[in-house]
Amino acid sequence: MSSGRLLSADRSPALSVRGLGKHFGERVAFQDVFFEVGYGEVFGFLGPNGAGKTTTVRTLGTLIAPTSGSATVAGIPLTAENGVEIRRRIAIVPESPGLYLRLSVTENLECFGDLYETPGLKDRIQDALRAVDMTDRAGDACGTLSKGLRQRVALARALLSDPEVLFLDEPTSGLDPVGARDVHELIDGLRNRGVTIFLTTHRLEEAERLCDRVAILNTTLRTIGWPADLREQLFAKTLVVRTLVPLPEPGRVFDGLPAVDGWHERDSGAYVVSVSDSAIAAPAVTRALVAAGADVLSISESYHSLEDIYLELIDEDNEVGRR
Amino acid sequence: MSVSRRRVRAVFRKELREYRRNTSIVAAMAVLPLIFAINPLIAVFALPASSADSLAQGNTLLYLLGIPAVVPALIAAYSVVGERQQGTLEPVLTTPIRGEEFLLGKALASFVPSVAISFAVYALVLACVGVFAAPGVASALFKGRELVAQVLFTPLLAGWSIWVGIAISARSSDVRVAQQLGMLASLPSVAVSTLVAYDVIHASLGLGIGLAVLLLVLDVLGWRIVSAMFDRERLITGSKS
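Read top to bottom, the protein sequences are chains B and Z. First residue of the first sequence? That's 444 in the working numbering, and the numbers climb one at a time after it. First residue of the second sequence? That's 4 in the working numbering, and the numbers climb one at a time after it.
It should be emphasised that the hints constitute simulated quantities derived from the structure, not laboratory data. Among the hints, a few may not be true.
What the hints assert, rightly or not - Here are some chain Z residues pointing at chain B (derived, C-beta under 8 Å):
| id | residue |
| --- | --- |
| 1 | Arg20 |
| 2 | Glu21 |
| 3 | Glu93 |
| 4 | Val95 |
| 5 | Leu96 |
| 6 | Pro99 |
| 7 | Ile100 |
| 8 | Thr240 |
| 9 | Ser242 |
Backbone N, C-alpha and C define an ideal beta-carbon position, used for all residues, glycine too.
Just need the whole structure built from these sequences, with the hints factored in.
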């Protein structure tokens with residue numbers, strides 16, 4: 444994904460949030476949140492339960508008035524007066540699909556299509572049902588559908604109005620792995636159609652798989668960026684060296700090598716070498732090991748998942764909270 | 004502010020579809036009017052022809068105006084809090100619908116079946132009286148002025164009950180509490196129509212016109228006031244914005 448597609452110079456961002464905050468009395472839901480989301484971007488909004496993710500979505504969706512800061516949504520300033528115009532350009536799929544269970548899939552879509560005053564509604568309903576692969580269940584009452592299928596109907600409902608920004612609030616919450624995979628495939632499909640997606644989740648593998656950029660919220664915004672950049676920001680680059688037998692004098696092998704900043708022995712025959720540039724350090728470490736007569740099993744660059752990043756930041760917050 | 008007919012119709016049509024498939028709502032709509040109608044009907048059937056003179060003095064069938072006071076209150080009291088409890092309110096409020104349109108759709112969906120049921124029960128009562136009551140009793144009960152009062156006050160009373168019911172529904176967090184309060188709020192209307200029916204409050208043209216104008220004003224104001232009270236944040240989070 445190129446960053447040029449996300450924040451093109453000739454178009455304002457799909458979402459621009461500047462110091463936004465919401466308090467319920469003394470309780471802070473979220474505060475001092477800044478970010479921008481470009482058109483066509485899939486933006487992951489991560490955080491633990493109670494971090495303020497859903498409240499942020501509701502605020503940007505004009506359901507809740509912010510107590511501080513400002514924002515533009517789909518190019519329109521977030522104010523109470525602009526509520527109708529903003530809601531016309533966005534769609535929100537809440538955590539619970541919120542379908543009328545006694546009504547059929549088509550009747551649910553008809554209702555929402557009319558609420559959006561969608562032109563050519565019959566065709567749009569067919570298109571939306573095709574997009575979520577539900578044409579064969581169009582006449583079924585929503586109460587007879589599984590949770591995964593209901594989530595698909597909620598996605599079809601959101602697609603009816605062809606939104607500029609689609610907010611998905613925990614779209615796979617409570618789904619089994621097959622249901623979650625289906626939703627992931629649908630989101631992939633939407634991304635390919637160029638829909639801007641704001642995805643809140645606490646499923647990190649989901650965010651890692653689907654999102655171009657992620658932000659981590661824990662009442663305040665803890666970090667934002669591409670997952671690869673966040674890894675670099677938060678974790679030192681390391682090489683993990685494994686030898687058949689422990690090195691008799693590892694310091695003589697690793698100390699003084701180019702681009703090697705330090706090392707430590709993790710367990711018997713396994714060494715973690717901190718490096719500033721793995722492209723320089725890895726060949727130097729390999730040569731030094733061969734010169735020392737070591738039987739090398741593997742040399743690999745360590746990988747930090749989004750989960751590592753997330754846990755690192757949330758643990759920091761918990762640590763600060765305990766002090 | 005312009006009201007979108009299409010959005011109002013969407014809410015109205017959705018509500019009617021839900022009523023059709025919700026047996027408990029249909030049962031509540033059907034049972035209450037029958038309770039209103041059956042007991043007095045039996046009493047009327049038992050009356051001898053000699054009681055016709057005393058019946059001619061009162062406006063007995065006006066007690067049926069209790070139906071448009073009670074039935075819509077029950078439905079309207081469920082309308083907002085019911086959706087909130089089902090979890091269907093938030094998706095609706097994320098659409099471009101305005102509070103005024105949402106409430107108007109809900110009100111119409113309570114109004115149309117309530118008024119239809121009220122007129123149907125009135126027609127049924129008239130038919131039963133015509134067929135089964137003693138001839139003198141029937142002619143004493145059929146009065147042109149009562150027919151006019153039924154036609155005029157049924158929609159006006161229903162409108163008032165609906166706005167009170169929706170106001171309660173938009174502020175409640177529990178369906179049962181909302182419906183109980185809605186029923187309680189409809190009792191003054193029932194009391195007044197019953198007192199007029201039994202001639203405790205003497206019906207006159209002036210009183211009729213005065214009450215009709217008052218109810219019309221309350222109905223129009225009701226929509227405006229309830230719309231002004233409509234608070235998306237409160238409905239979603241339970242906290243006032």
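query: Should the interface hint for Arg20 (chain Z) be scored as holding, given a Cβ-Cβ cut-off of 8 Å against chain B?
result: holds (6 Å)
- request: Verify the interface restraint on Leu96 (chain Z): the C-beta must sit less than 8 Å from at least one C-beta of chain B.
  value: holds (6 Å)
query: Should the interface hint for Glu93 (chain Z) be scored as holding, given a Cβ-Cβ cut-off of 8 Å against chain B?
result: holds (5 Å)
Interface hint outcome for Thr240 (chain Z) [beta carbon to chain B under 8 Å]: At 7 Å from the nearest chain B Cβ, Thr240 (chain Z) passes the 8 Å test, so the hint holds.
- prompt: Should the interface hint for Pro99 (chain Z) be scored as holding, given a Cβ-Cβ cut-off of 8 Å against chain B?
  reply: This hint holds: Pro99 (chain Z) lies near chain B, its Cβ roughly 4 Å from the closest one there, short of 8 Å.
task: With a cut-off of 8 Å on the beta carbons, see whether Ser242 (chain Z) makes it to chain B.
output: holds (5 Å)
Evaluation of the interface hint that places Glu21 (chain Z) against chain B, nearest CB under 8 Å: Check passed: Cβ of Glu21 (chain Z) comes within 6 Å of chain B, closer than 8 Å.
message: Can you verify the interface hint for Val95 (chain Z): is its Cβ closer than 8 Å to any Cβ in chain B?
response: holds (7 Å)
- request: Against chain B, run the beta carbon of Ile100 (chain Z) and see if the smallest gap drops under 8 Å.
  value: holds (5 Å)
In this structure, every one of the numbered hints holds.
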